[in-house]
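Since the structure of chain L is provided, determine the placement of chain X on it from the hints.
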Amino acid sequence: MFGFLKKVGDYTKEAVSAAQYLGQGLAVTFDHLKRRPITVQYPYEKLIPSERYRGRIHYEFDKCIACEVCVRVCPINLPVVDWVMNKATKKKELRNYSIDFGVCIFCGNCVEYCPTNCLSMTEEYELAAFDRHSLNYDNVALGRLPTSVTSDPAVFALRELAYLPKGVMEPHGVPANAPRAGRLPEQVLATLSQPSAPATEQTATSSTAPNPAVADQGAQS
Amino acid sequence: METTALVSSGLDLQASFVDALQGLGLSPGAARLLWLPLPMVTVLVAAVVGVLVNVWLERKISAAVQQRIGPEYAGPLGVLQPMADGLKLVFKEDIIPARADGLLFTLGPVLVLVPVILSWLVVPFGQNLLISNVGVGIFLWISLSSIQPIGLLMSGYSSNNKYSLLGGLRAAAQSISYEIPLALAVLAIVLMSNSLSTVDIVNQQNGAGILSWNIWRQPVGFVIFWICALAECERLPFDLPEAEEELVAGYQTEYSGMKFALFYLGSYINLVLSALLVSVLYLGGWGFPVPVEWLAGWLGQSVDAPVVQMITATTGIVMTVLKAYLLVFFAILLRWTVPRVRIDQLLDLGWKFLLPIALVNLLVTAALKLAFPMAFGG
Numbered sequence: 012m013f014g015f016l017k018k019v020g021d022y023t024k025e026a027v028s029a030a031q032y033l034g035q036g037l038a039v040t041f042d043h044l045k046r047r048p049i050t051v052q053y054p055y056e057k058l059i060p061s062e063r064y065r066g067r068i069h070y071e072f073d074k075c076i077a078c079e080v081c082v083r084v085c086p087i088n089l090p091v092v093d094w095v096m097n098k099a100t101k102k103k104e105l106r107n108y109s110i111d112f113g114v115c116i117f118c119g120n121c122v123e124y125c126p127t128n129c130l131s132m133t134e135e136y137e138l139a140a141f142d143r144h145s146l147n148y149d150n151v152a153l154g155r156l157p158t159s160v161t162s163d164p165a166v167f168a169l170r171e172l173a174y175l176p177k178g179v180m181e182p183h184g185v186p187a188n189a190p191r192a193g194r195l196p197e198q199v200l201a202t203l204s205q206p207s208a209p210a211t212e213q214t215a216t217s218s219t220a221p222n223p224a225v226a227d228q229g230a231q232s
Numbered sequence: 018m019e020t021t022a023l024v025s026s027g028l029d030l031q032a033s034f035v036d037a038l039q040g041l042g043l044s045p046g047a048a049r050l051l052w053l054p055l056p057m058v059t060v061l062v063a064a065v066v067g068v069l070v071n072v073w074l075e076r077k078i079s080a081a082v083q084q085r086i087g088p089e090y091a092g093p094l095g096v097l098q099p100m101a102d103g104l105k106l107v108f109k110e111d112i113i114p115a116r117a118d119g120l121l122f123t124l125g126p127v128l129v130l131v132p133v134i135l136s137w138l139v140v141p142f143g144q145n146l147l148i149s150n151v152g153v154g155i156f157l158w159i160s161l162s163s164i165q166p167i168g169l170l171m172s173g174y175s176s177n178n179k180y181s182l183l184g185g186l187r188a189a190a191q192s193i194s195y196e197i198p199l200a201l202a203v204l205a206i207v208l209m210s211n212s213l214s215t216v217d218i219v220n221q222q223n224g225a226g227i228l229s230w231n232i233w234r235q236p237v238g239f240v241i242f243w244i245c246a247l248a249e250c251e252r253l254p255f256d257l258p259e260a261e262e263e264l265v266a267g268y269q270t271e272y273s274g275m276k277f278a279l280f281y282l283g284s285y286i287n288l289v290l291s292a293l294l295v296s297v298l299y300l301g302g303w304g305f306p307v308p309v310e311w312l313a314g315w316l317g318q319s320v321d322a323p324v325v326q327m328i329t330a331t332t333g334i335v336m337t338v339l340k341a342y343l344l345v346f347f348a349i350l351l352r353w354t355v356p357r358v359r360i361d362q363l364l365d366l367g368w369k370f371l372l373p374i375a376l377v378n379l380l381v382t383a384a385l386k387l388a389f390p391m392a393f394g395g
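Protein chains in written order, with the numbering used here: chain L, 12 to 232; chain X, 18 to 395.
Simulated from the structure, these hints should not be mistaken for laboratory data. Every value quoted in this text rests on a predicted model; they were computed, and no experiment measured them.
Calculated cross-link-like contacts (lysine-lysine; reagent style DSS-like; alpha-carbon spacing at most 27 Å):
hint: 1; chain 1: L; residue 1: Lys45; chain 2: L; residue 2: Lys57
hint: 2; chain 1: X; residue 1: Lys77; chain 2: L; residue 2: Lys45
hint: 3; chain 1: L; residue 1: Lys18; chain 2: X; residue 2: Lys369
hint: 4; chain 1: L; residue 1: Lys57; chain 2: X; residue 2: Lys77
hint: 5; chain 1: X; residue 1: Lys369; chain 2: L; residue 2: Lys24
hint: 6; chain 1: L; residue 1: Lys103; chain 2: L; residue 2: Lys74
hint: 7; chain 1: L; residue 1: Lys17; chain 2: X; residue 2: Lys369
hint: 8; chain 1: L; residue 1: Lys101; chain 2: L; residue 2: Lys74
hint: 9; chain 1: X; residue 1: Lys77; chain 2: X; residue 2: Lys105
Residues from chain X that face chain L, not an exhaustive set, calculated with beta carbons under 8 Å:
hint: 10; residue: Ala81
hint: 11; residue: Val82
hint: 12; residue: Gln84
hint: 13; residue: Arg85
hint: 14; residue: Ile86
hint: 15; residue: Leu350
hint: 16; residue: Trp353
hint: 17; residue: Thr354
hint: 18; residue: Val355
Using N, Cα and C, we set each Cβ at its ideal position, and we do this for glycine too.
One chain only, chain X, in its complex shape:
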């Protein structure tokens, strides 16, 4: 909180909103209460719209890579295709297989989706443009993402289907083994920014625009994080839990209708979330390649002027989303480039390659921080 006060605070919608409502004669508590649902709903809507965009991009880019056209008739360029998909899933019959555990079967997808959506709590789109600047921000995300394998295991086990069970087990094994290098990569970042808060992590990167982004100081960490994020999202080349050639659809085999839609939504929200967090941790978050403060200075504008604040906030959102979607594009391209790994190769990569490298990376970062406190956030 103190560090945020030191840096120029930028656009603070909450303060303005509460002030405006208090001006209308509401008590501060009531004004805050009225404000509370707004960012939550906004972020939820943004996440779902992000998924729709993501699904459309996935289908269009996949089509382009394979020299097809892809969805074309639902809306201009097929932009409404994800809506049509979603609508179909909503109206489909919801089946619980005979002799499956109904309660766990229903709970599984919920447990997969809810932590992913909760993680959006800490994704910053600007200095004050996030639901809550939690002090343990990035740690919250890591701990929330470890709830997911329980949901996967639950749905795999309760489906009463061998493919589902195998898929669930694989998902759990994969999530657990890739969470460790992921956490270690994040730890190196945290070491440099002296804070777990996502806002502080971004602020620490935005001293000199693109040059001060963490990717230059943590190239190895960036690669580790990206690989682990792909594995956590069960994207190709790590989509073993739902490998259709071997396991039909893994833990999703018995699901249809709304419950399947939850899995679908969850996996895509998770992909967008991972891309957003990579951009927050390594690519300067909402930072423009040239710091907005410098640009304002060159143009002779005060950073606190309302217009400048508006422009800063807008560029912040645009930059965050742009970086995230560039990473999503990269993930989709990777999907059609790299073949799926085997389960033993997957675990080999996780435990024998990424884990030691992440550990070395952490140690080197710590050493560099001691040796060059200027460059590595002393």
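This is chain L alone, in the form it adopts within the complex:
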């Protein structure tokens, strides 16, 4: 009898705690109802890609020396370098260059190893096509620069979270010249060189010390 009552009691306790957890969960979802949407309304708004964004690869035909390093470092030997040896000048003559972005994985090895920096990453990521063969870009297509999100009048450019001013979570309505949170590498570098400067010329500390600080603040704000 007692055992049965204990069972019933435990069961009730379990049911009540389950209901409590349900209530907690409902409180969370209900709280989320009043938060603002965080979505980017894509064709009308776009995020500004970060500096190191690895988008479609840009190629400068005139810089290329047809060394084929890009082909060797590519995981699947993707770039096609079409050159002929000019017997007279004993130099390679580049005729065509192409990368198939339907196959490329945007690892950036080619960009990394290109000895003449003729390859570079762009921020272009809209590579949708009706035919995958149209993604095989030749040197003309590779030489085109993408439309920047910030300069496109049809697009409302939004900053990514890490690029927003300190304490701001919402990219809408942030002025374009508002500085991002934290300091850029140059600014950090400026503060690092500061202690070494007074050590060399101790007599001028009183006059020079405030100046970098002022300049630093000016750069931040």
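What follows is chain X alone, placed relative to chain L:
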């Protein structure tokens, strides 16, 4: 019928309509015949519009919970999005898979939808604002809702697809195991109101406004009924029959176009219907939190005055719909709160938790009715 005569009859559109037509020189039979299709069409239209509102709410609330915007470009705030969805489904090609049973495949969605729509017969929006005050009202709904699993099983089996078959089987198992606690919860209500008629059940709750609603006397029954109703509608957390991660879309896998639209319509009409019935059974139906009779008395108006009758009827409809949609909102919120249960957990919950609790609830209600006949409808 007698009990309805005792309580103030309120707005009786049928009587007024028939009287008016008889005044024009029609025979009583003809006048009644002309009246007959009107409420049916009205309720059918109301049900479909209710579904459109429901779909829109579902998408908007889901979006808000997930901090999205949801449909926005079809009409203001995307209110026309459900229309666009429906229109798309109507114009889509109707496919019957090869080696599927064509007849059963077509019959399945019909068998799912028709009982749900028929159940609107007994949903009251006011004293006389329902298609038919059937004496066995709520029982009719329970028995109609047990036709649905046959349709689900039929469409699952005839699709000639393993996912459909599994989905259909799950749907049938789920419907059958949740119908019993549902019926027991309803039985406790029926015990208190001494009637199966939905109108009587609401009238019995409206003595003292919000205080006399059944939810205070039947809190456990309310929870059981709501859980079972969600399970019957195959809403999350009980959407196992169409669990997309496991079963593609369950019994709906092979359906497209108009037939899929029937399933879609059926599930949403069922949700609205369940919410309406919860509000009828537990939340005082069309009753205002303060009885309209009291308000009329305080304002020195007769309850039978035409204006008061109009206002009463309007508040009745508004209250019923409002309560139902609050419950729908709760169901949508629940959808994004609770994860889906496993099939064994589902059956465990149905048979080992809800059924015993519903039985105890029924017994306690019966005991309370004997002990306090005043409060529990002696």
